[in-house]
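Position 368 (the sequence shown) corresponds to 368 in my numbering; numbering is contiguous.
Hints were generated in silico from the structure; no laboratory data involved.
Quick caveat, the model's predicted, so the values are computed rather than measured.
Where hints are given, some of them may not hold.
[What the hints assert, rightly or not] With beta-carbon atoms standing in for the labels, derived distance ranges: (1) Arg-676 - Lys-699: 25 to 31 angstroms; (2) Ser-872 - Thr-466: 52 to 58 angstroms; (3) Glu-406 - Lys-876: 55 to 61 angstroms; (4) Asn-242 - Leu-736: 51 to 57 angstroms; (5) Glu-588 - Gly-508: 23 to 29 angstroms.
Just so you know, even glycine gets a beta-carbon here, dropped at the ideal spot from N, CA and C.
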Amino acid sequence: MSGTSGNNFPQRQYPSNLIDPFDDSETVETSQSTDNLSVPQAAAIPSFRPYFSSDNTSFDPYFNDSTEDDEEQVPLYSESSGLTRQITNMSEANLPLTDNISPTASVGIGEHTFLGKTEMSSGDDNPTSGGERIIYINKPNTQQKFLHNRISTTKYNFFTFLPKFLYEQFSKYANMFFLFTACIQQIPYVSPTNPFTTLGTLIVVLTATAFKEILEDYVSVNQRKCKYLDIAAEAFILKEWNQVNVGDIVRVESGEFFPADLILLSSSEPEATNDTAYLTNPSKTSSLTGYIKSETPNNSLYTYDGLLEMDGQDGRKRVPLDPTQLLLRGAQLRNTSWVYVVKFQQALLINDDLDMYYEKTDTPALCRTSSLVEELGQFKQCSIAGLAYADNVEEAKRARIVDGVEVGFHDFKQLRENIRNHPTGNVINEFLSLLSICHTVIPERKDDNPARALVKGASLLDYVFTTRRPKSVNVRINGVDYEYEILSICEFNSTRKRMSTVVRGPDGKITLYCKGADTVILERLSDDNPFVEQTLQHLEEYATEGLRTLCIAMREVSEEEYRVWSTVYEKASTTLVNRSEELDKAAEMIEKNLFLLGATAIEDKLQDGVPETIHTLQQAGIKIWVLTGDRQETAINIGLSCKLINEEMSLITVNEESHWETKEFLEKRIHSVKGRVNPETEPLALVIDGRTLGFALEKEIEGTFLELATMCKAVICCRVSPLQKALVVKLVKRHLKAILLAIGDGANDVPMIQAAHVGVGISGLEGMQAARSADVSISQFRYLKKLLLVHGAWSYQRLSKLILYSFYKNITLYMTQFWYAFQNGFSGQVIYESWTITYYNVLFTVLPPIVMGVFDQYVSARMLDRYPQLYSLGQKSEFFNVKNFWGWALNAFFHSLILYLLSIYVFQYGLVLTDGQLADHWFWGTALYTAVLATVLGKAALITDLWTKYTYIAIPGSFIFWMVFIFVYGMVAPRFKVSEEYDG
Numbered sequence: 001m002s003g004t005s006g007n008n009f010p011q012r013q014y015p016s017n018l019i020d021p022f023d024d025s026e027t028v029e030t031s032q033s034t035d036n037l038s039v040p041q042a043a044a045i046p047s048f049r050p051y052f053s054s055d056n057t058s059f060d061p062y063f064n065d066s067t068e069d070d071e072e073q074v075p076l077y078s079e080s081s082g083l084t085r086q087i088t089n090m091s092e093a094n095l096p097l098t099d100n101i102s103p104t105a106s107v108g109i110g111e112h113t114f115l116g117k118t119e120m121s122s123g124d125d126n127p128t129s130g131g132e133r134i135i136y137i138n139k140p141n142t143q144q145k146f147l148h149n150r151i152s153t154t155k156y157n158f159f160t161f162l163p164k165f166l167y168e169q170f171s172k173y174a175n176m177f178f179l180f181t182a183c184i185q186q187i188p189y190v191s192p193t194n195p196f197t198t199l200g201t202l203i204v205v206l207t208a209t210a211f212k213e214i215l216e217d218y219v220s221v222n223q224r225k226c227k228y229l230d231i232a233a234e235a236f237i238l239k240e241w242n243q244v245n246v247g248d249i250v251r252v253e254s255g256e257f258f259p260a261d262l263i264l265l266s267s268s269e270p271e272a273t274n275d276t277a278y279l280t281n282p283s284k285t286s287s288l289t290g291y292i293k294s295e296t297p298n299n300s301l302y303t304y305d306g307l308l309e310m311d312g313q314d315g316r317k318r319v320p321l322d323p324t325q326l327l328l329r330g331a332q333l334r335n336t337s338w339v340y341v342v343k344f345q346q347a348l349l350i351n352d353d354l355d356m357y358y359e360k361t362d363t364p365a366l367c368r369t370s371s372l373v374e375e376l377g378q379f380k381q382c383s384i385a386g387l388a389y390a391d392n393v394e395e396a397k398r399a400r401i402v403d404g405v406e407v408g409f410h411d412f413k414q415l416r417e418n419i420r421n422h423p424t425g426n427v428i429n430e431f432l433s434l435l436s437i438c439h440t441v442i443p444e445r446k447d448d449n450p451a452r453a454l455v456k457g458a459s460l461l462d463y464v465f466t467t468r469r470p471k472s473v474n475v476r477i478n479g480v481d482y483e484y485e486i487l488s489i490c491e492f493n494s495t496r497k498r499m500s501t502v503v504r505g506p507d508g509k510i511t512l513y514c515k516g517a518d519t520v521i522l523e524r525l526s527d528d529n530p531f532v533e534q535t536l537q538h539l540e541e542y543a544t545e546g547l548r549t550l551c552i553a554m555r556e557v558s559e560e561e562y563r564v565w566s567t568v569y570e571k572a573s574t575t576l577v578n579r580s581e582e583l584d585k586a587a588e589m590i591e592k593n594l595f596l597l598g599a600t601a602i603e604d605k606l607q608d609g610v611p612e613t614i615h616t617l618q619q620a621g622i623k624i625w626v627l628t629g630d631r632q633e634t635a636i637n638i639g640l641s642c643k644l645i646n647e648e649m650s651l652i653t654v655n656e657e658s659h660w661e662t663k664e665f666l667e668k669r670i671h672s673v674k675g676r677v678n679p680e681t682e683p684l685a686l687v688i689d690g691r692t693l694g695f696a697l698e699k700e701i702e703g704t705f706l707e708l709a710t711m712c713k714a715v716i717c718c719r720v721s722p723l724q725k726a727l728v729v730k731l732v733k734r735h736l737k738a739i740l741l742a743i744g745d746g747a748n749d750v751p752m753i754q755a756a757h758v759g760v761g762i763s764g765l766e767g768m769q770a771a772r773s774a775d776v777s778i779s780q781f782r783y784l785k786k787l788l789l790v791h792g793a794w795s796y797q798r799l800s801k802l803i804l805y806s807f808y809k810n811i812t813l814y815m816t817q818f819w820y821a822f823q824n825g826f827s828g829q830v831i832y833e834s835w836t837i838t839y840y841n842v843l844f845t846v847l848p849p850i851v852m853g854v855f856d857q858y859v860s861a862r863m864l865d866r867y868p869q870l871y872s873l874g875q876k877s878e879f880f881n882v883k884n885f886w887g888w889a890l891n892a893f894f895h896s897l898i899l900y901l902l903s904i905y906v907f908q909y910g911l912v913l914t915d916g917q918l919a920d921h922w923f924w925g926t927a928l929y930t931a932v933l934a935t936v937l938g939k940a941a942l943i944t945d946l947w948t949k950y951t952y953i954a955i956p957g958s959f960i961f962w963m964v965f966i967f968v969y970g971m972v973a974p975r976f977k978v979s980e981e982y983d984g
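Full structure from sequences and hints, please.
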């Protein structure tokens with residue numbers, strides 16, 4: 001049965017033979033619970049893009065096509081500007097905003113803001129005392145001059161298009177060059193060419209570019225319809241998006257898009273709402289009064305602080321707002337029937353590669369300009385009250401007494417027995433209760449992460465988490481349901497490295513459950529902790545096996561302590577200034593004097609192909625560094641399992657306590673490494689922890705650290721923060737002439753990905769932050785092998801060939817004119833007809849370099865995959881270097897000279913036509929032009945490695961097109977006075 005009373009719950013009785021984990025009389029300062037709403041995790045893609053000025057110096061994410069007031073407009077920089085706010089476990093664009101849970105409704109804020117210091121209201125009746133935005137609900141917002149909801153995602157309008165477009169185009173040196181050339185050609189007797197050849201081509205190019213800009217700039221979303229609440233009629237009526245005002249409440253139904261940035265108020269899923277869950281019909285919603293106090297716009301993409309103060313059923317209430325309640329304009333509602341919201345203003349080939357398509361999640365590769373761990377749900381071992389348990393125990397490792405000390409492992413069957421009749425039974429009970437309560441898992445959601453692995457592990461031991469509500473969770477213990485009231489949650493982040501939950505159990509007692517990294521938990525323990533030594537020993541053993549570990553701790557909290565702490569916590573949760581920092585400070589007040597229950601060990605299951613991929617990349621000459629937050633022992637063992645390091649490597653482990661110790665160690669190691677007799681047969685791997693890395697990244701030592709690191713075949717940096725990851729990447733970029741690629745899967749990897757030359761994000765179980773911040777997105781780590789060794793190698797060779805061929809074909813043509821200048825005394829006379837010169841790069845030789853640059857393959861994908869050493873050809877610049885360039889240039893000089901001399905020989909006396917006329921200069925020029933075209937197209941045919949249907953169209957097709965063109969053009973152009981050279 002669900003929600004049973006405390007009378008049915010096994011009371012905490014501590015007989016004399018049992019250990020009492022609450023035997024601690026000291027009272028600690030605590031805090032109040034915030035109302036942590038179980039709201040849907042949303043991934044919202046705004047239907048607009050930000051406006052950047054042409055000089056990239058100004059940015060307006062909400063550029064409006066008109067302004068309703070004449071006052072100076074304040075530039076707005078919102079978290080949602082053109083980017084996607086990622087909410088906790090961010091899903092992909094247009095994936096469900098709710099995942100089988102109910103959304104709560106939200107209240108929205110205006111898009112326009114006033115500058116000023118944001119202050120938290122003290123609860124008085126003057127909400128506008130601070131510099132924050134104030135949005136009244138169900139009443140006109142006339143206190144601030146908010147803009148309309150009509151948006152223009154364009155950088156042009158009817159009046160500004162021409163001047164802005166021309167300014168942008170002629171800011172490019174190439175266009176300025178052609179404009180200058182066109183102007184010179186307009187002066188009679190100065191240029192021997194047709195005055196319209198360059199000008200006409202320039203006009204065509206600019207016109208095509210203008211149409212492209214117009215198509216990309218066009219958007220029409222303002223006329224979409226939505227349902228907004230008419231207070232007078234107490235009903236929802238249809239209204240265009242551009243007519244929605246700040247403070248309006250709107251109803252969004254399944255499949256519809258959000259018409260503005262919104263704060264969730266209520267939905268068809270009642271379990272996901274709390275203070276505003278009663279707003280289920282227009283009548284009740286019309287009676288809602290109050291206001292929202294919001295932070296001013298800022299550049300923090302993943303945070304939002306707001307406060308909803310309303311007159312509810314139980315009087316005036318203050319409800320803190322955070323990113324989980326924010327729904328962004330353009331996102332689509334799915335898996336939920338409806339929600340009430342109030343307006344809150346505000347490389348194709350790689351993509352189509354089926355070998356890089358992950359069918360299970362329907363995710364292709366995505367090239368724009370981690371989970372390395374596919375499944376963490378393997379709860380393998382745990383340490384509880386100093387005893388080690390495992391799911392499967394080999395006979396040789398079973399628990400036994402050696403010299404009066406118990407060693408080895410108990411199986412989970414014995415763990416169940418110990419709950420009932422072992423002195424540590426109460427500790428085991430609290431341990432498993434913590435695993436099933438202290439988390440943010442949604443029962444119906446299929447996400448594999450460490451929290452779910454622990455919850456699943458507890459369920460295997462009959463502590464089954466069944467239901468999550470905004471203020472409670474239900475756990476079925478040995479077949480009986482118990483409800484725990486969630487008073488407060490101190491959330492996990494990369495700085496805290498821990499998570500805590502304050503709950504009131506069915507017995508009425510308040511308990512703090514805390515889990516996190518061993519370094520942060522151990523320093524917060526009370527003096528009386530009998531299991532620390534045994535737990536530390538077990539942690540070392542788990543890390544050696546490559547298991548990820550967490551420490552589990554708790555303590556009882558008195559009613560008085562919680563009352564005092566809750567006041568501090570509530571104030572922190574409703575402040576609009578540095579809310580996250582204030583919440584961390586509040587958490588520090590209660591997360592101390594903990595009792596250590598034990599530790600968990602989770603097995604990392606690598607994605608398919610990770611070891612093989614890393615090994616292959618190393619064979620290709622790519623140096624791989626791993627930057628991780630794992631323990632040192634865990635990181636080393638994962639490095640071994642994925643073949644980053646092997647038994648033959650000598651490990652250089654750097655764990656120093658100060659700046660000078662780090663400097664001295666690195667210098668000694670460099671000296672010893674340089675003195676090795678045969679470095680090739682003694683590969684090295686460098687392992688450094690986060691604390692020491694902090695010293696190594698200081699300016700005085702960073703060069704020494706980098707020198708040692710580059711001497712090693714592999715580098716592992718463990719226990720590093722997101723900032724340190726980015727600093728390591730920047731260090732390498734700053735000092736080494738190498739292309740740096742960073743790959744990651746989570747939000748902690750975003751700084752590193754953005755700092756690298758090339759960023760690759762893995763879209764998967766850790767969310768979409770990394771994938772959306774990266775240049776290329778893939779769904780599986782193993783696809784990196786094909787991305788680099790195949791597509792990377794092809795692209796580099798194709799680009800090299802394209803550049804060299806483009807130089808070649810132009811040198812070949814224009815050097816013939818250069819040789820002619822010696823013959824005509826540099827008079828300025830040209831060989832070729834004006835328009836045919838213009839069409840040379842535009843029509844007749846444009847396709848071969850394009851086809852080579854897109855489709856050519858110097859070796860097959862299978863060969864590149866089988867022989868990764870071929871990748872080193874690009875690293876050694878074998879395809880594009882000074883020698884190659886001058887080789888192609890000299891080849892073009894030679895071909896042009898041969899063609900010119902042969903044409904001179906053939907036409908030295910002119911050709912007499914059948915009608916007696918003499919075919920001389922222009923006939924000779926056209927024949928030479930045809931010979932040049934045949935030569936450069938023949939060169940393209942010779943250097944093409946892979947012939948496709950597009951190759952046949954590009955090379956033979958271009959020559960056939962020229963023959964047809966010159967026949968028609970020679971007859972038609974003179975009649976319309978287009979070509980004076982061919983006239984007559």
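For each hint, the structure was consulted:
1. Arg-676 - Lys-699: 25 to 31 angstroms: 29 angstroms, holds
2. Ser-872 - Thr-466: 52 to 58 angstroms: This hint holds: roughly 56 angstroms between Cβ atoms.
3. Glu-406 - Lys-876: 55 to 61 angstroms: 60 angstroms, holds
4. Asn-242 - Leu-736: 51 to 57 angstroms: 52 angstroms, holds
5. Glu-588 - Gly-508: 23 to 29 angstroms: Taking Cβ atoms as reference, Glu-588 and Gly-508 lie about 27 angstroms apart, which means the hint holds.
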